[in-house]
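This is what each chain is made of:
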Amino acid sequence: MKSLTALAFAAGIALAMLPLRAWTELDVLWAPVNRWLWLRSEIVLSPPRRIDWAFTGSSMTQSAIRPERIAARHPGTVAYNFAHFSWGHDADYWIAEALLERHDVGTLVVEIPRVAPREPHGETVNLVNASALPGELRIAAAEVSARDVLRYDPAFKRRLARVCRYAGSALFSFPRHLLERLAAAVAGRSLEYAGSWADWEGHAGFAPPLEDREPPAGFRERQRADPPPLPVRPARPFVAGAPEPQPGPRDELYLGRLRALADAHGTRLVFLHVPRWRKRLPSVEQHRFYSRFGEVILADLKRLQEPEHYADPLHLQGEGTNVFTDDVARLLVEGTEGSPFNRLYREARDREAGDR
Amino acid sequence: MLFTEVVFAPFLIATLVALALARGRNRGQLGVLLVASYVFYGWWDVSFLALIVFSSVLDFGVGAWLGTTRAPGRRRALLALSLAGNLGLLGYFKYAAFFVDSLAEALGALGIEAHLPTLEVILPVGISFYTFQSLSYTLDVYFRRLEPEPSLLRFLAYVSAFPQLVAGPIVRARELLPQLRGDFFARSDSAGLLFVFYGLAKKLFLADPLGFHLADRVFRNPGNFGSLDTALGIYGYSFQIFLDFSAYSDIAVGLGLLLGLRLPVNFRTPYAAPNPVEFWRRWHITLSTWFRDYLYIPLGGNRVGTARLALNLLVVMTVAGLWHGAAWTFVLWGLVHGLALVAYRLWRDRHPRSGPPSPVRRWLGILVTFHAVSLAWVLFRAPDLLTALHVFSRLAAFDAPPVLADATACATLAAALAVHALCETRVEGWSRRFGGLPAPLQGACVYVALAVLFLSARQDVSDRLFIYFQF
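Chains as they are written, first to last, in the working numbering: chain A, 378 to 733; chain B, 88 to 558.
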C-alpha cells in the first residue's frame, strides 16, 4: 500500500503544480525543437509590440510566406511568419493565445489544414495546459464508441494515448519550464538563451530555406508530363480527387476558441488556403465551415502552376513563394472580395442556396 | 504496451488500485492481474492473446494429467504433447519462414528448383519468453520438482503476468506460483519504484542514444565508417544491448515488487566477467539457467567426457542462439559463444589453478572476454552475414576519418560504462533505502523522476522498442 500512497503523493504534487504553473506563466509555448524555441523567443520573451500580420500554420505556410518581402512591398507593415512543423488547430490556438495576450496583433492568418490525419500534432502536447484537457477528454470520449473500446480498436488506443500524453504534459512539464527559466535567469540573457538554441541550425530556428533544397528525383519531369487540372471551371470550383479531410469536433472546438480569442482582442481572423501541387481546392463544405469562424483567403492559384514554383508537392519555393506572398498581401489589404477563387466559392454557395 | 509509453503510467496506477481494492481476496487479485496482463499484451495485438491462452491451457491440462498418472510411457507422451504444442507454436510463428527459406536456398545451391510456399508470419511479441516460461512448468511437474497447480486462474496469471511477459526475466513456475497464493499485494514494496525509474532512465538516456548516435549508424552503412568509428559502433551496441535489456529486467523486477512479487535478477555486471563461463553466469541469467537445467543437464552436463562436453556446449549455445532469432546470424552467434566456452574449458583443464587469479590476470581476462563478446555482438546486431562481414572488414579499414567520436557519443559511452561499473551492483541497496523513505518523500521523488523522464527524452531518439521484444 505504501507504493500506492507514494504514487498518490506524486499525483497530488502534480495537481498542485497546475495553478502554480498558470500563475508563473511558464507554461506558454515550450517544446524541445528549435523552431518552437524561436517562437517562444519571439512571442513570449520579446517585449510587447505591434504586429500587423501574423501567420500560423504548417511548414507549407512556413515556406509560402515571406515576411521580408511583405515589409519591402508594404512599407511600415510588420509581418511575422509563425508557422511551424507539426501543427494543428490546437497548436495554432496556443500560439494565437500567447501572441494575442502579449502583443498587439492586427490580423491573424491561420492556415487551413489540408493533410490527413491531423493528429497527433507532434510537439503540440508540449504546449498543453490544464484548461485544454476537459475539451480534449470530451472530444476523445465523443469519438470513441463502446464498441471500439470492447473491440480494443486501434482508434480507441490512439485516442487514449493522445489524452494520456496531453495529461502527462500538463501535469509534468512545470519543472522543466522552471529549470529553463532559471537557467535563463542565471545566464542573464533570457532572449539570447532561446535564440542561441534557435541558431543551432543556422537559420534562426527555420529549416534550411526550401529554395536551397533539391526536389525529389524526377519530380519536375513528372510535373511537366502531368499537367495540373487548373484553371478551374466557374461551374465547378473544385477539382476531382480524393476527399479532403473534413473538419471535425476538434477543429470546431479550437476554431471556436480562436474566434472568441480574436474577438476579445479585436483581431481580424483570416483563414488561408496554401496551394499544394495538383491538389484539389477546399470543398464547398470546408469553405463554408471556415467561413463561420472568419474570412477565407484563396490566392490566385492559376499563377502557381509552374513546376519551379514548388520544392516538392507540398511546399512552395522561390518565385512561387514570391507570387503567393504578394497575392496574399494584396488580398489582406484589399479584402478577400478581390479573390477570383473566393468569388467562385461564393457563387457555388449561392447556387446551392438557390437550388434549395 | 511499452513501459516507456505514457499510457503505461495510468495503466499501472489503475492496476495497483484494483489490486488494493481486491485486498485479502486471492481470486480477486489473480483476476485483476490476469485482466491487466491481457490488456497489457492486447494493446499490441489482441488477436495474439489466443496464443498465450492456448499455451497456458495446454500446459495446465498436461500438468494436471501428469499429476494423476505414474505410468512412465503415458508421462512421456504427455510431456511430448506439451513440447509439441509449445515448440510447435514457437516453430510456426518464429521459425517456419526461416526454415522454408533456408531449405529453398539449400536446394537452389544444389541445383534443385523448389517451389516452396513463401510464409509471411507475424512474430507475436514475447512468444519465446512465455512459451519457455509455460514449458518450465510442465518440465518441472514431469521431473517431479513441482506439484501440479490446482488453480487455472493462478496458472493463467503466472504465464501472463505483465511485468515480465514480453521480454523476461523467464520466471520458473516453482518461483512464481507460490508467490501468487494468498494476499500477494500485501507484500507490495514501494522499493520497486526505484527499480522502475532506474530502468527507464537507463533505457531512455543511455541505451536509446547509444543506438541512435553510434550503433545504428555503423550497422546501417558500415561502408561509410573507418576502423575507429566501427569500433565505437560495436562498443556502442555492446552497451546498448546490455542497458536496453537490463533496463527491461529492472523495470520488470520493480513492477514485480510493486505487485508484491519477487522476480529473479537477470544481469550481474556481465562485462566484468573474466571468462566466457562467468559471462553466461551474469548475462540473461534466467535464460542461461533455463537452458542449463532443461537442456544442458539432460544432455549429460559436465559429467561426460571432453568430446561429449564440447558437443553439449555447442548444441546448447547454438539452440540458445536460435532462440534469439530465426536467422543464420543468431545461429552463428550462438555457435561462436559455444566455441568460446569449449575453448575456455579446454584451456582451464590444461592450466588448473588453485587460488584466485592475480589482479593483472583478472583484468586481462575481463578485457579479452569483453572484446570477444563485443565482436560476437556484431553477428547478433547485423541484419545478415554479409553486413556482419562488412563490419568486421571495416574494423581494419583506416581509410575514413573518424566522424562519430563527438562529445555526445563519447560522453554517453562513458556514462554507460560508469553505470555498468558503479550503479549495477548498488541499485538493490539504493532501492532498499528508497523503500525505507516516508511515502510523501517517495511521492516527491516519483514526481521529479516523471518530470525529468517525460520531458528530457528526445522523441526521435527514444520512441524505440526494447531490443528483446523481437525475441
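In short, the hints are calculated from the structure, not lab data. Treat the hints with care, as some may be off.
To be verified - As a list, the in silico EDC-like pairs of lysine to aspartate or glutamate whose alpha-carbon atoms are at most 20 Å apart: (1) A:K679 with A:D689; (2) A:K534 with B:D132; (3) A:K679 with A:D703; (4) A:K534 with A:E520; (5) A:K679 with A:E696; (6) A:K379 with B:D270; (7) A:K679 with A:D704; (8) A:K534 with B:E515; (9) A:K379 with B:E515.
Taking the hints in turn, this is what the structure says about them:
The straight-line distance between the Cα atoms of K679 of chain A and D689 of chain A is roughly 18 Å, inside the 20 Å bound, and the hint therefore holds. Under the criterion of a C-alpha separation no larger than 20 Å, the hint pairing K534 of chain A with D132 of chain B is consistent with the structure, at around 11 Å. Under the criterion of a C-alpha separation no larger than 20 Å, the hint pairing K679 of chain A with D703 of chain A is consistent with the structure, at around 14 Å. Distance hint between K534 of chain A and E520 of chain A is fulfilled; the C-alpha atoms sit about 12 Å from each other, no more than 20 Å.
With a C-alpha separation of about 14 Å, the suggested pairing of K679 of chain A with E696 of chain A holds against the 20 Å cut-off. The straight-line distance between the Cα atoms of K379 of chain A and D270 of chain B is roughly 15 Å, inside the 20 Å bound, and the hint therefore holds. For a cut-off of 20 Å, the pair hint linking K679 of chain A to D704 of chain A stands: about 11 Å separates their Cα positions. Our distance criterion of 20 Å between C-alpha atoms is broken by K534 of chain A and E515 of chain B, whose separation comes to about 35 Å.
Proximity of K379 of chain A to E515 of chain B is assessed by CA-CA distance (about 18 Å); at most 20 Å being required, the pair is judged to hold.
Hint violations for this structure: number 8 only, all remaining hints satisfied.
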